[in-house]
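Asks: The task is simple: from the sequences and hints, build the whole structure.
In case you want the letters, here they are:
Number of protein chains: 2
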Amino acid sequence: MDAHKYKSALLDEAVEQIASLPGVGHKSALRYALHLLKQPAANVEKFTSAICSLRNNVRYCPECLMISDNGVCPICADRSRDHSLVCVVQSLRDVISIENTGQYHGLYHVLGGVISPLDGVGPADLPIAELEARLEKGEIREVIMALDTNMEGETTALYIYRKISRFPVTVSAIARGVGFGDDLEYTDEFTLGKSIQNRQTFTV
Amino acid sequence: MDAHKYKSALLDEAVEQIASLPGVGHKSALRYALHLLKQPAANVEKFTSAICSLRNNVRYCPECLMISDNGVCPICADRSRDHSLVCVVQSLRDVISIENTGQYHGLYHVLGGVISPLDGVGPADLPIAELEARLEKGEIREVIMALDTNMEGETTALYIYRKISRFPVTVSAIARGVGFGDDLEYTDEFTLGKSIQNRQTFTV
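Sequence order for the protein chains is E and F.
The first sequence finishes on residue 204 if you use the working numbering, and the numbering steps up by one all the way, no holes.
The second sequence finishes on residue 204 if you use the working numbering, and the numbering steps up by one all the way, no holes.
In short, the hints are calculated from the structure, not lab data.
Bear in mind the structure is a predicted one, so any value in this text is a computation, not a measurement.
Hints are not guaranteed to be accurate.
Given that identical chains are not distinguished, each listed pair holds provided it fits within a single copy or across any two copies.
[To be verified] Think about it this way: if two alpha-carbon atoms lie no more than 25 Å apart in a straight line, the pair counts; the simulated DMTMM-like pairs of lysine to aspartate or glutamate are:
1) Lys194 - Glu13
2) Lys194 - Glu152
3) Lys137 - Asp119
4) Lys194 - Glu130
5) Lys27 - Asp148
6) Lys27 - Glu99
7) Lys194 - Glu154
8) Lys38 - Glu13
9) Lys27 - Asp69
10) Lys27 - Glu45
11) Lys38 - Asp125
12) Lys38 - Glu154
13) Lys163 - Asp148
Replies: In structure tokens, the structure reads:
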């Protein structure tokens, strides 16, 4: 018995669209669709127009390319931050994660993606020329790579490294190792290997 | 350091709207918003218009009140099903769950909610008169209550039981194979199937 035949084309279309969100399966999408269906029409209108408005009216910081409603973002505008440090990240989520650590006081460069031929994203689709333009100004002395440790992230970091190696800047990458609270036993071999290679002098 | 100050009002509004979905937290909502932001405008338009269209153009089966694009739904229209059995459920999700067990071949009556004074839902907001009208026709011999086993579900079942006890029908409830506090939606098919087979005469 196919449950699909008892649903409507309207519902199917909405569920299919919602299930296109990352990590949202068919069951959750159905749940969200039925939730929206129960809301007053005005709420659903608010829901969809907030998303449309975000997509159509979003503006980016001309410096770091982070989402910013009004020109230069608060991080780039903050002269108390270290403007000689730039951390290259994939998305705003990573900026928020790093900001939440309270350990970083430099600037960012938000790529908005990584090189991924399978998804049709090539180097030209990423704002790497914009990073070079920032380096041209000569104020930056270190570029920190903070991209994901998967093939796309590594490829992108390597590509950027080659592009910017002509500038007199240090290029670093965030340390990889065993996370706090992680068991060695359950850490993958690559991470554990890296964390042994990159061991630090013991401090108490 | 407040991560919020680095975000835009447009993004905040979209995230807040997405986080209004059931079980979606702020972090997931941000992830979905950034995903939508990366999509072509046409895709986002498709996404939001599918939701608007569902909310504004949805139609219901005049018999069982299940979502149905074209008049009587396929379940009510199927004469090979047992039209003397009606299963009262809260939503389409529960219909799908029960259909997936393959154990039930009667009809449904979709309430679209349960009595919940805290949410402002009273008995008059539920299609209970419509259930009575179906019983008036005399074809139905058994009503099976398949509402969630929480206070609202129990209250609703009791209310409906009292309303329909004047009809010469058996009123049963799905067996308590479903754990207290569990939602039908997340119950495995075997348990749910058994609980329909082993339904009990409704007692107060």
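Asks: Are the hints correct? Go through all of them and say.
Replies: Against the structure, the hints:
1. Lys194 - Glu13: neither (45 Å within a copy, 32 Å between copies)
2. Lys194 - Glu152: within (19 Å within a copy, 48 Å between copies)
3. Lys137 - Asp119: For Lys137 and Asp119, the Cα distance exceeds 25 Å both inside one copy (33 Å) and across copies (58 Å).
4. Lys194 - Glu130: Neither, since 28 Å and 63 Å both go past 25 Å.
5. Lys27 - Asp148: between (29 Å within a copy, 18 Å between copies)
6. Lys27 - Glu99: between (34 Å within a copy, 15 Å between copies)
7. Lys194 - Glu154: within (15 Å within a copy, 52 Å between copies)
8. Lys38 - Glu13: Result: close both inside a copy and across copies, 17 Å intra and 21 Å inter.
9. Lys27 - Asp69: Classified as between: cross-chain Cα gap 20 Å, same-chain 35 Å, threshold 25 Å.
10. Lys27 - Glu45: both (23 Å within a copy, 23 Å between copies)
11. Lys38 - Asp125: Between. Shortest inter-copy distance 12 Å satisfies the 25 Å Cα cut-off; intra-copy 40 Å does not.
12. Lys38 - Glu154: Answer is between: at 21 Å across copies they meet the 25 Å cutoff, but 45 Å inside does not.
13. Lys163 - Asp148: within (19 Å within a copy, 60 Å between copies)
In the structure shown, a violation is registered for the earlier hints numbered 1, 3 and 4, in ascending order.
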